[in-house]
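J.: Below are the chains, spelled out letter by letter.
Number of protein chains: 2
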Amino acid sequence: MNKTITISIDVMGGDNGVDVILAGAALALKRMPHTKFLLFGKQELIEPVLATHTALADVSEVVHCDIAVAMDAKPSMALRQGRYKSSMWRAIEAVKDGRAGVCVSAGNTGALMAMSRFCLRSMPGVERPAIAAIWPTMRGDSIVLDMGATIGADAKQLVSFSMMGGAMARALFSIKRPTVGLLNVGVEEIKGVEYVREAGRILKEADFPFCKYIGFVEGDDIGKGTADVVVTEGFSGNIALKTAEGTARQIAIYLRESISRSLMARIGYVFARGAFNRLKDKMDPSKSNGGVFLGLNGLVIKSHGSADPEGFASAIGLGEAMTRNGLLQKLSDDMTQFQAMLSSEQESKE
Amino acid sequence: MNKTITISIDVMGGDNGVDVILAGAALALKRMPHTKFLLFGKQELIEPVLATHTALADVSEVVHCDIAVAMDAKPSMALRQGRYKSSMWRAIEAVKDGRAGVCVSAGNTGALMAMSRFCLRSMPGVERPAIAAIWPTMRGDSIVLDMGATIGADAKQLVSFSMMGGAMARALFSIKRPTVGLLNVGVEEIKGVEYVREAGRILKEADFPFCKYIGFVEGDDIGKGTADVVVTEGFSGNIALKTAEGTARQIAIYLRESISRSLMARIGYVFARGAFNRLKDKMDPSKSNGGVFLGLNGLVIKSHGSADPEGFASAIGLGEAMTRNGLLQKLSDDMTQFQAMLSSEQESKE
Chain R
39 MNKTITISID
49 VMGGDNGVDV
59 ILAGAALALK
69 RMPHTKFLLF
79 GKQELIEPVL
89 ATHTALADVS
99 EVVHCDIAVA
109 MDAKPSMALR
119 QGRYKSSMWR
129 AIEAVKDGRA
139 GVCVSAGNTG
149 ALMAMSRFCL
159 RSMPGVERPA
169 IAAIWPTMRG
179 DSIVLDMGAT
189 IGADAKQLVS
199 FSMMGGAMAR
209 ALFSIKRPTV
219 GLLNVGVEEI
229 KGVEYVREAG
239 RILKEADFPF
249 CKYIGFVEGD
259 DIGKGTADVV
269 VTEGFSGNIA
279 LKTAEGTARQ
289 IAIYLRESIS
299 RSLMARIGYV
309 FARGAFNRLK
319 DKMDPSKSNG
329 GVFLGLNGLV
339 IKSHGSADPE
349 GFASAIGLGE
359 AMTRNGLLQK
369 LSDDMTQFQA
379 MLSSEQESKE
Chain H
39 MNKTITISID
49 VMGGDNGVDV
59 ILAGAALALK
69 RMPHTKFLLF
79 GKQELIEPVL
89 ATHTALADVS
99 EVVHCDIAVA
109 MDAKPSMALR
119 QGRYKSSMWR
129 AIEAVKDGRA
139 GVCVSAGNTG
149 ALMAMSRFCL
159 RSMPGVERPA
169 IAAIWPTMRG
179 DSIVLDMGAT
189 IGADAKQLVS
199 FSMMGGAMAR
209 ALFSIKRPTV
219 GLLNVGVEEI
229 KGVEYVREAG
239 RILKEADFPF
249 CKYIGFVEGD
259 DIGKGTADVV
269 VTEGFSGNIA
279 LKTAEGTARQ
289 IAIYLRESIS
299 RSLMARIGYV
309 FARGAFNRLK
319 DKMDPSKSNG
329 GVFLGLNGLV
339 IKSHGSADPE
349 GFASAIGLGE
359 AMTRNGLLQK
369 LSDDMTQFQA
379 MLSSEQESKE
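Chains R and H, in that order, are what the protein sequence lines are. Using the numbering used here, you'd call the opening residue of the first sequence number 39 and step up by one each time. Using the numbering used here, you'd call the opening residue of the second sequence number 39 and step up by one each time.
In short, the hints are calculated from the structure, not lab data. Beta carbons are placed, not taken as given, at the ideal position from N, Cα and C, and that holds for glycine. Among the hints, a few may not be true.
[Unchecked claim] Pairs of lysine-lysine residues, derived as DSS-like cross-links and limited to a Cα-Cα distance of at most 30 Å, are as follows:
#1 H/Lys-262 - H/Lys-194
#2 H/Lys-112 - R/Lys-250
#3 R/Lys-325 - H/Lys-262
#4 H/Lys-368 - H/Lys-68
#5 R/Lys-80 - R/Lys-134
#6 R/Lys-262 - H/Lys-68
[What the hints assert, rightly or not] Below, a sample of chain R positions facing chain H; criterion: calculated Cβ distance under 7 Å:
#7 Thr-281
#8 Glu-283
#9 Ser-370
Excised from the complex, chain R in its bound form (with noise of 0.2 Å):
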């Protein structure tokens, strides 16, 4: 039943060093036994602390690799030097060789992007790629895509990152026909952006078995739970998660302010400690870390570059859990189904 995953990590990425990147994977590990590993990086920095994580040293396997991606490098430039030799690189070439069933990076976004796209490919029928992120709302999680994989997209793009944001809700939430709403503005003047609109047509009139539309929403929806999927292009998509980050901690600065500022608030404070605690932990970032790249041939997530081993650890059981559940199996299965659709519509007209 348990069948054990596979996770590849590039060492090297992240801000943090390889400590945390290795604690993060030895608490992965103690939370899902079923797992193994293979660690790329410079061996001389992996080897010593691995030895401090005898369990996780005991499933996991060290590729030495002598180059490391900068965390600033230009994604072209990162493809020039890291192609086919760097841990990110060959990281990723593990999911594609399928030794791997998902690979996590906390390194640079865009080389870890390029290099995906260019070793991985795109599925048949997916244009463009999109970075997921997991949204923790009234409702539980949701599901915002594209984060920032691209700039703009055209209606057809939308269809698919609903797909696409769909098969991951299913794959994750057990739910069986995930809703999925397109972010739009509610200006009246303008509420019809017409790509967003036609991509709400195509959703409408296709009635996707694996997905119900349930028309526009705006950004105050996506904290709501409106949707189980929120679908908008890359960046306006990156600016609402960046401008919800941003929020939270701005909040919980003036949290700490104004508790710290009075005696009586403090004593308060004491008394309301597990209530503090539990709401720390529903705001805390690391507990929904990991942008999730669908649409190519296999099973990405980048981590948050400043992540700690809490947030490295959830990032790689996000990985293992899509995995678990066969995500890529389930978007696969998706793609051609509406490529069938398509293509009989197509015949239809002509």
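Once you've looked at the hints, dock chain H against the given chain R.
T.: Same frame as chain R, but now just chain H:
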């Protein structure tokens, strides 16, 4: 010194009726005694309510209008049916005729923008108006625009938004040379959306005396207060604003739930009540209510449709402050200077 400012109000706009609008105006008058009001709307609805606000009645003139623009009217339809005669139109017209310094409406955003453009026309040099919002940040308030007056923008429009936002910051915050950042995404691959990069180049080269360009900012920089003015096109701006509002509301609900869950937490709350009230105050959206239409030959403020009297009063307060501080004159001076720079550049190139 304290000259009287006349404010024209579309009393028929908003979700909550005449009562709330007039209570808001009465509250605003209390705070800003040097104001007078022109109240546009149905006399039979206004008079009885106004009679209960004697101070407001003393400084108000009621102008009867038969027609009210519905909250869900399409802008084109509103314009066709309400032009020249609706309360919304006539409130805007009062600004055009110089009888009022600013118009405030809680009505239909699309209709208000369509009528404002039609009635007031764009300032010389401005291709498109924008809607600017006040955004509470860790370093005081910032201005963010465009919140959705139009979708998409080119480099020149972003530059003109920067100048509009800069003029507003000077009028509101008494900063001589406000900092301006262009909203962009941080994913390395696509850091340079071309029209945003181009706008950055223009702003950097121009090195305006009236605003200081500081480069790209990301979604989480808005709440940090990295720039006094954050500029983006309307789609992403609207989504950023609504997402931030949604996140704040979500956290407020979490907080309430966490506290009401246990006796200890409720006891803690009693002690920390002052701190919570301060926090609530800081997070209160009605304190920063009011979208400012910039780039027209006259000032129009859009209040949230669902604003309470406090919210509507703060939209009036915003309009009053900008009128008193000569926003329009400042902006028109800047635009003239910018046009002169552009044409001298053009000449030197020829």
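J.: Against each hint, give a clear statement of whether it holds in the structure.
T.: So, going through the hints one by one against the coordinates:
no. : hint                  : verdict
1   : H/Lys-262 - H/Lys-194 : holds (27 Å)
2   : H/Lys-112 - R/Lys-250 : holds (28 Å)
3   : R/Lys-325 - H/Lys-262 : holds (22 Å)
4   : H/Lys-368 - H/Lys-68  : holds (28 Å)
5   : R/Lys-80 - R/Lys-134  : holds (21 Å)
6   : R/Lys-262 - H/Lys-68  : violated (37 Å)
7   : Thr-281               : holds (4 Å)
8   : Glu-283               : holds (5 Å)
9   : Ser-370               : violated (25 Å)
Checked against the numbered hints above, the structure breaks hints 6 and 9 and satisfies the rest.
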